[in-house]
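The hints should help you fit chain B onto chain A, whose structure is shown.
Residue numbers (our numbering), protein chains in the order written: chain A, 1 to 110; chain B, 1 to 110.
I should point out that these hints are in silico values taken from the structure, not numbers from a laboratory.
Glycine included, each C-beta is placed from N, C-alpha and C at the ideal position.
Any given hint might turn out to be false.
[Stated by the list, open to error] No farther apart than 35 Å at their CA atoms in a straight line, the calculated lysine-lysine pairs in the DSBU-like style are these: (1) Lys57(A) with Lys73(B); (2) Lys22(B) with Lys57(A); (3) Lys73(B) with Lys9(B); (4) Lys22(B) with Lys9(A); (5) Lys109(B) with Lys9(A); (6) Lys57(B) with Lys9(A); (7) Lys109(B) with Lys57(A); (8) Lys65(B) with Lys9(A); (9) Lys9(B) with Lys65(B); (10) Lys70(A) with Lys57(A); (11) Lys97(B) with Lys9(A); (12) Lys83(A) with Lys9(B); (13) Lys109(B) with Lys71(A); (14) Lys97(B) with Lys57(A); (15) Lys15(B) with Lys57(A); (16) Lys97(B) with Lys9(B); (17) Lys71(A) with Lys57(B); (18) Lys14(A) with Lys9(B); (19) Lys73(B) with Lys97(B); (20) Lys109(B) with Lys83(A); (21) Lys97(B) with Lys70(A); (22) Lys22(B) with Lys14(A); (23) Lys83(A) with Lys22(B).
[What the hints assert, rightly or not] Label-pair restraints from in silico Cβ distances: (24) Asp38(A) with Tyr39(B): 43 to 51 Å; (25) Gln78(B) with Gly63(A): 35 to 43 Å; (26) Asn53(A) with Phe107(B): 43 to 51 Å.
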Amino acid sequence: DGGITQSPKYLFRKEGQNVTLSCEQNLNHDAMYWYRQDPGQGLRLIYYSQIVNDFQKGDIAEGYSVSREKKESFPLTVTSAQKNPTAFYLCASNRAGELFFGEGSRLTVL
Amino acid sequence: AQRVTQPEKLLSVFKGAPVELKCNYSYSGSPELFWYVQYSRQRLQLLLRHISRESIKGFTADLNKGETSFHLKKPFAQEEDSAMYYCALRANTGGFKTIFGAGTRLFVKA
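Next up, chain A with everything else stripped away, as it sits in the complex (with noise of 0.2 Å):
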């Protein structure tokens, strides 16, 4: 089965704990996103990387880091440093301008 996969679904943290979401794609695309889900403000760009080993902030990128070291994984970390963390968090990837995208992860910090 092709396509986007996000893990976890649902994660919990605590206050001061960094936190990593996994992305995985087998759609052989070169580029993949982060974007940050949150009610009345719509998708909002974190990162984002057209190939391996190169990637660019994008509009709300304080407090979250990526690594591409890979064609088929993109990882995002969220830091003790991100002040609002709890969100939903989309990936995706890009074919000829269209997004795929996975099924989120929801990040709830207590």
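Relative to the frame of chain A, chain B by itself:
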């Protein structure tokens, strides 16, 4: 700066009525515009893109460069059209990132 504005958070219409979801954008170049849709319990997915000029599920959208708009229209709404709709803009320079509007929830009443 790139921006996508969807002025309506919620749009409620009766089945069989026409529907128009508004989208305005600001971008200095020639962007590519998209509409994405998220049905209940499904992934966010592409509905249509302006370069394809297609009608998908009865929906159409015309890019109006003079008014910088890309409104989504359907002449006769169906209950299954109830969903969250996002207008998106893909830059053609600077990393080709895609940004989204805040979204409009369409509710089609029987």
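* To do: Output the numbers, in ascending order, of every earlier hint that fails for this structure.
  => Per hint list: 7, 8, 13, 15, 20, 22 and 24 violated.
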